[in-house]
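J.: With these hints in hand, go ahead and build the complete structure from the sequences.
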Amino acid sequence: MNKSSDAAVEVRGLRVRRGSTEVFAGLDLDIPRGQVTGLLGPSGCGKTTLIRSIVGVQKVAGGSVTVLGAPAGSRELRDRVAYDTQSASVYSDLTILQNLRYFARLIGAPRSDIDRVIEQVGLGAQKNQTVDSLSGGQESRVSLAVAMLGAPELIVLDEPTVGLDPVLRAELWEMFRALADAGATLLVSSHVMDEALRCDRLVLLRAGRIIADTSPERLLSETGTTDPDAAFLALIERDVASADPPPRSRREAREEDGS
Amino acid sequence: MNGARTLATAARVLRQLSHDPRSIALMIVAPSLLVGLFAWLFSDQTGVFDQFGGAILALFPFIVMFLITSITTLRERRSGTLERLMTTPIAKADFIVGYALAFGLMAIVQAVITVTFAVWVCGLDVEGPLWQLGLVAVVDALLGTALGLLASAFARTEFQAVQFMPVLVFPQIILGGLFMPRDQMPDVLYAISDWLPLSYAIDTINAVTAGDEGWDVWRPLLIVVAFAVGALVLASLTLRRRTP
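Quick note, the sequences are listed as chains A and B, same order. The first sequence begins at 1 in the numbering used here and counts up by one. The second sequence begins at 1 in the numbering used here and counts up by one.
Treat the hints with care, as some may be off.
Stated by the list, open to error - Examples of chain A residues lying across from chain B (beta carbon under 10 Å, computed):
#1 Gly69
#2 Gly73
#3 Val81
#4 Asp84
#5 Ser92
#6 Arg105
#7 Gly108
#8 Ser112
#9 Arg169
#10 Trp173
In short, the hints are calculated from the structure, not lab data. In this text the structure is predicted, and so the values were computed from the model without any measurement. Backbone N, C-alpha and C fix where the C-beta goes; we use that ideal spot for every residue, glycine too.
T.: This is the structure we're talking about:
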């Protein structure tokens with residue numbers, strides 16, 4: 001492990017274009033080690049693009065992303081960083097057990113890990129069922145279980161709790177906490193704001209910019225609110241007010257210029 | 001490349017297939033049915049099936065494997081599993097060779113059944129040894145797999161992948177020497193057919209059914225192998241860890 005830097009992830013001047021839109025025009029971010037960092041923001045704000053840049057599958061236009069002391073996506077990181085995509089990325093025509101066996105063999109995780117992660121996501125009774133016979137929430141838990149295989153130092157989860165019931169969400173967050181307590185770094189994106197209070201640190205993204213990089217306590221006290229939903233609304237309103245007015249649409253321009 | 005990861009991938013692809021018995025049945029039975037239909041069509045004209053039957057044997061494994069491979073790998077690209085794989089230690093070559101191994105194994109089963117059916121049931125007359133016919137069928141199926149892997153890189157949807165059939169496969173069938181001996185074609189088309197792998201596949205089959213030996217059989221077969229390897233290399237180059 002690289003001790004020269006405290007941050008698990010260092011993003012410097014990241015620029016990403018997707019199609020004709022610029023998602024990031026120079027983004028800077030540090031994610032500390034051994035903590036659960038929540039990445040929050042409205043849909044379309046760039047959460048997934050940032051996550052893909054960190055795990056090294058996003059084509060970037062400029063800047064640097066350093067993960068655990070190495071460039072994002074480099075060979076030495078591939079068994080140290082675990083990634084769960086937003087939609088379940090497992091083979092729907094294989095059973096839970098077959099999926100986990102395959103990924104365990106790829107990353108060289110011991111076979112005992114397979115039973116452990118199945119228990120962690122609470123799918124022991126279904127382990128011989130094919131994934132396409134499961135519910136949507138169960139399917140995303142299989143995908144999450146894959147990310148728990150081995151002993152990853154950085155676990156990057158893109159909306160892992162979407163579509164899950166509150167009991168299960170609470171269980172998963174306890175598991176994230178346990179992983180962090182055991183020394184792993186977690187980056188978890190979400191648009192469910194009440195999950196924010198379970199993080200050590202919060203990064204709020206809006207339209208490709210970081211509008212807050214704070215802790216749950218500071219978020220509530222600075223905005224003078226008691227619940228995270230209200231806090232985020234306050235932050236976003238503050239950001240909208242301070243930002244330049246949005247560019248006029250063509251139609252608006254036509255109507256104004258014509259009158 | 002890493003043997004364990006390649007084998008794990010091949011095993012995973014076969015396991016996926018095992019959950020889809022209908023596809024396996026189609027893969028194994030369809031070529032025999034088509035060969036049988038062909039034999040029946042020419043049952044009253046002696047010698048015609050012997051002339052074309054062999055070439056048909058080269059075509060069907062090629063077409064079936066092309067379709068299956070291009071659609072399966074495309075599904076992997078679109079479902080997010082490929083993106084996840086690209087964040088694991090698997091090498092691109094592990095992925096491509098894993099697929100080629102799995103479908104190559106299916107191709108062997110398919111070839112054994114189709115050749116057996118063509119010879120024993122349809123009475124295909126083969127001068128050369130039967131195992132050579134089987135070998136050519138396997139190599140052709142591998143060529144189909146390799147081109148299918150390559151084609152899937154250029155298709156964004158399953159619909160597009162299927163449309164590659166008329167573009168990549170049909171011209172090779174038309175110019176391959178099945179409908180007209182290649183040396184009787186217009187010069188330009190003959191020159192083009194020299195660059196198409198299926199032409200050599202059909203040449204090999206014709207050499208085996210005619211009882212030719214040595215270089216007449218192995219030269220065109222090696223050319224088909226070279227095309228298949230080339231397509232696999234190109235396919236692994238088109239795999240990108242980073243995507244837009």
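J.: If a hint holds in the structure, say so; if it does not, say that too.
T.: Verification of the hints:
| no. | hint | verdict |
| --- | --- | --- |
| 1 | Gly69 | violated, 17 Å |
| 2 | Gly73 | holds, 6 Å |
| 3 | Val81 | holds, 7 Å |
| 4 | Asp84 | holds, 8 Å |
| 5 | Ser92 | holds, 8 Å |
| 6 | Arg105 | holds, 4 Å |
| 7 | Gly108 | holds, 7 Å |
| 8 | Ser112 | violated, 18 Å |
| 9 | Arg169 | violated, 22 Å |
| 10 | Trp173 | violated, 22 Å |
The structure fails hints 1, 8, 9 and 10 (numbered hints given earlier, in ascending order).
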